[in-house]
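In order, the protein sequences belong to chains S and G. With our numbering as the guide, the letters of the first sequence map in order to residues 63 to 217. With our numbering as the guide, the letters of the second sequence map in order to residues 4 to 299.
Source of the hints: derived by calculation from the structure; they are not laboratory data. A few of these clues could be false.
Said to hold, decoys possible - Label-pair distances were calculated between CB atoms; the ranges are:
hint	chain 1	residue 1	chain 2	residue 2	range
1	G	L267	S	L187	23 to 33 Å
2	S	G174	G	N282	24 to 34 Å
3	S	Q172	G	F18	51 to 61 Å
4	S	A68	G	H235	15 to 25 Å
5	G	N113	S	T96	34 to 44 Å
Note that the structure is a prediction, hence the values are computed from the model and not measured. For glycine and all other residues, C-beta sits at the position ideal for the given N, C-alpha and C.
Below are the chains, spelled out letter by letter.
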Amino acid sequence: MVETPAIFEINPNSGVPIYRQIVDQVHAMVAGGTLREGDLLPSVRQVAQNAAVNPMTVSKAYSRLEIEGVVKRARGLGMQVLPPSENGSLDDRKAQFRTTIEPALHRARQLGLDSQQIREVILSLLQKTQSDVVTGGSPVTDPEKKATGGPPVAT
Amino acid sequence: MNEPVLRVAQLQKIFGNKEVLRGIDLAVEPGTVLGLLGANGSGKTTLIKCALGLLRPTSGNIMVFGEDSWNLSAAAKARLGYVPQEVTSYPWMRVRQVLAYTAAFYERWNHAFVQTLCERWHVPLEDRIGSLSTGQLQTVGIVLALGHQPEFLVLDEPVASLDPSARRQFLRTLLELLQDRQQTILFSTHITSDLERVAQRVAILGDGKIRFLGELDELKERVKRLRFTARHDLPTSFAVPGALRCEVAGSHATVSVANFDERLVAEMRQTWDADIAVNDLNLEEIFVEMHDGAHV
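Build the full structure now, drawing on both the sequences and the hints.
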């Protein structure tokens, strides 16, 4: 399936470099399931013409995505989405997460929360996202049956 | 092999007792677009005219296609296209006649391409040059500069008089040339939003010197605005390394930095016991920060 060039929302006058906008949007679309394995990205030419931006900038974004292992250059086809893989080792991913929450923890201290209170907030958030994942996830587990706790009726 | 199309080294230009350019170094690589930004009177047009051999440099060295710009051969000139800030032509000629007259000077004039451009931009071929509006005249200037399919296109505020829709059409044509012919372009303008679309590299000119020369993406990734919200009033010793501009009011501070670094921000959170928000800046905001910051 060939995606239409308009799948990207490019704002050249934002403070975020154009290539960054494209890279981030492809990441988001792969994570959200809009782009699946084997899908083709619109051609550099299409995107550049559609958004009226320099084709070299679009190429730069695609090369970046190729290096990151999100897409591969398929001969005669264009850029093809690869199966999603984990982004780096567990340690890398932990380090990435750490840089995200560090400022939040600092803010919490500024608001006068102590360690115990911070822990409570994080735990409640964690529980909330976990239940979201379960209810929104595959039908392998059936949370409703689990919640009622009743034994299956054997006949 | 990948010789720059334009190379400027230690360019100095003095008018009377006024030093307009004070040691400029820059290069434009083949197939790239360099955007030239600068305040009024910062020397953009002087730089362009020196680069094209229209003004003689006081000192320094300028090479176009490997030739000294002051002594360009006819062959090198045939590979150049130039849209000046103010287009001048023959007021008594009809547009069609000016096009034919100019075409006669060039071996590689592309009549079909010129016809396409004239149709696309609604050029009034039968009108006399003297009766055209400023915008129409500028459009004719652009067609004249593109007709011989130059390898190196030099644009000095080419779109200042064009309406937004005509400007966008002009940009699309430039982008087509980039895609199809690996066109090399030097583009001076005040309209930063146009540069953000077409330029890969930018040169920011100020007080006769280059203040920044590099990738536009790099510029956007490096220049950021930090907003500090500290728990207590910030001390008088408050300072941020590499700051372009710094405004402090009680426990709040707004600081623009030229060399953004995530680790530096983490350190500063600790040092000043402050919450720091990082804001991205677009080219116009970056230009204002660099320009105003330099005069504080």
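We went through each hint and held it up to the structure:
no.: 1; hint: G:L267 - S:L187: 23 to 33 Å; in the structure: holds (29 Å)
no.: 2; hint: S:G174 - G:N282: 24 to 34 Å; in the structure: holds (26 Å)
no.: 3; hint: S:Q172 - G:F18: 51 to 61 Å; in the structure: holds (56 Å)
no.: 4; hint: S:A68 - G:H235: 15 to 25 Å; in the structure: violated (50 Å)
no.: 5; hint: G:N113 - S:T96: 34 to 44 Å; in the structure: holds (43 Å)
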